[in-house]
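Please construct the entire structure, taking both the sequences and the accompanying hints into account.
To convert, note that position 86 of the sequence shown is 86 in full-length UniProt numbering; the numbers rise steadily by one, no gaps.
These are calculated hints, taken from the structure and not from any lab test. Predicted, not measured: the structure shown is a model, and the values here were computed from it. For glycine and all other residues, C-beta sits at the position ideal for the given N, C-alpha and C. Hints are not guaranteed to be accurate.
In silico EDC-like cross-links for lysine to aspartate or glutamate, where the CA-CA straight-line distance does not exceed 20 angstroms [to be verified]:
1) 79 to 90
2) 85 to 140
3) 136 to 96
4) 6 to 60
5) 6 to 16
6) 152 to 140
7) 159 to 146
8) 44 to 16
9) 79 to 26
10) 85 to 96
11) 136 to 90
12) 152 to 162
13) 23 to 45
14) 136 to 113
15) 136 to 146
Derived CB-CB ranges, DEER-like [unchecked claim]:
16) 60 to 82: 32 to 42 angstroms
17) 68 to 12: 50 to 60 angstroms
18) 63 to 18: 20 to 30 angstroms
19) 12 to 116: 50 to 60 angstroms
20) 156 to 40: 47 to 57 angstroms
21) 50 to 87: 47 to 57 angstroms
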Amino acid sequence: MLFNTKEEWPFQEIHEQTVIVEKYLECALLPLAMGNMTPRILFKEPENSNIQLSNFHVNDSFASKSHTANLEKSENSLKKKQIRKIVESDHAHEIDAAIIRIMKTSNTVRHLELIAEFAGHKSTKSTLKVCLRATKSRIEHLIESDFLSRSKDDTYVVKINDLF
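Laid out in structure tokens, this is it:
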């Protein structure tokens with residue numbers, strides 16, 4: 001509705017008129033002006049990543065065959081990293097338990113085989129969608145906690161300690 005009254009709006013004026021928190025306004029304007037969708041709904045001048053010093057105007061030539069436009073959600077990478085860390089910490093005990101179950105069935109396993117078996121394990125396949133980095137860090141945590149240990153002959157071989 002803002003663009004009905006004036007053709008071009010600076011970011012600061014949009015912020016003042018809408019009274020939307022700046023970070024949320026940035027997340028709303030970025031997909032419209034710099035998203036993967038072509039043609040774009042809004043034009044942004046200058047075309048750089050600094051949105052706070054930009055002017056926005058409507059792309060009058062915008063046309064789409066569909067009645068709806070799919071806009072990608074713009075979240076900053078810091079928030080994604082924080083969410084990933086929270087999820088990994090929530091799943092840490094489940095990952096540890098699955099690794100210990102695998103190691104109980106075979107006392108010694110090569111490190112890469114353990115990761116591959118963990119990825120294909122039936123309990124982790126359906127419930128845990130964890131990244132490779134989290135699995136490796138949990139194996140290292142279990143080694144530091146003396147549940148697992150590396151073989152003296154080959155450092156790529158992991159074996160379960162006799163705690164159970």
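Outcome of the hint check:
1. 79 to 90: 17 angstroms, holds
2. 85 to 140: 17 angstroms, holds
3. 136 to 96: 11 angstroms, holds
4. 6 to 60: Holds, at roughly 13 angstroms.
5. 6 to 16: Satisfied, since the Cα-Cα distance of roughly 14 angstroms is no more than 20 angstroms.
6. 152 to 140: Distance of about 16 angstroms is within 20 angstroms: holds.
7. 159 to 146: The hint holds at about 10 angstroms.
8. 44 to 16: 18 angstroms, holds
9. 79 to 26: 14 angstroms, holds
10. 85 to 96: Judged against 20 angstroms, a Cα distance of about 16 angstroms means the pair holds.
11. 136 to 90: Between residue 136 and residue 90 the Cα gap is close to 16 angstroms, so the pair holds against 20 angstroms.
12. 152 to 162: Answer holds: residue 152 to residue 162 is near 16 angstroms, not above 20 angstroms.
13. 23 to 45: 19 angstroms, holds
14. 136 to 113: 12 angstroms, holds
15. 136 to 146: With Cα atoms ~16 angstroms apart, residue 136 and residue 146 stay inside 20 angstroms; holds.
16. 60 to 82: 32 to 42 angstroms: Because 40 angstroms falls inside the window, the suggested range holds.
17. 68 to 12: 50 to 60 angstroms: At roughly 30 angstroms between Cβ atoms, residue 12 and residue 68 fall outside 50 to 60 angstroms, so the hint is violated.
18. 63 to 18: 20 to 30 angstroms: For residue 18 against residue 63, whose Cβ atoms are near 26 angstroms apart, the range 20 to 30 angstroms holds.
19. 12 to 116: 50 to 60 angstroms: 53 angstroms, holds
20. 156 to 40: 47 to 57 angstroms: 50 angstroms Cβ-Cβ, so the 47 to 57 angstroms window holds.
21. 50 to 87: 47 to 57 angstroms: Check failed, 31 angstroms falls outside 47 to 57 angstroms.
Comparing the model with each numbered hint stated earlier shows that hints 17 and 21 do not hold.
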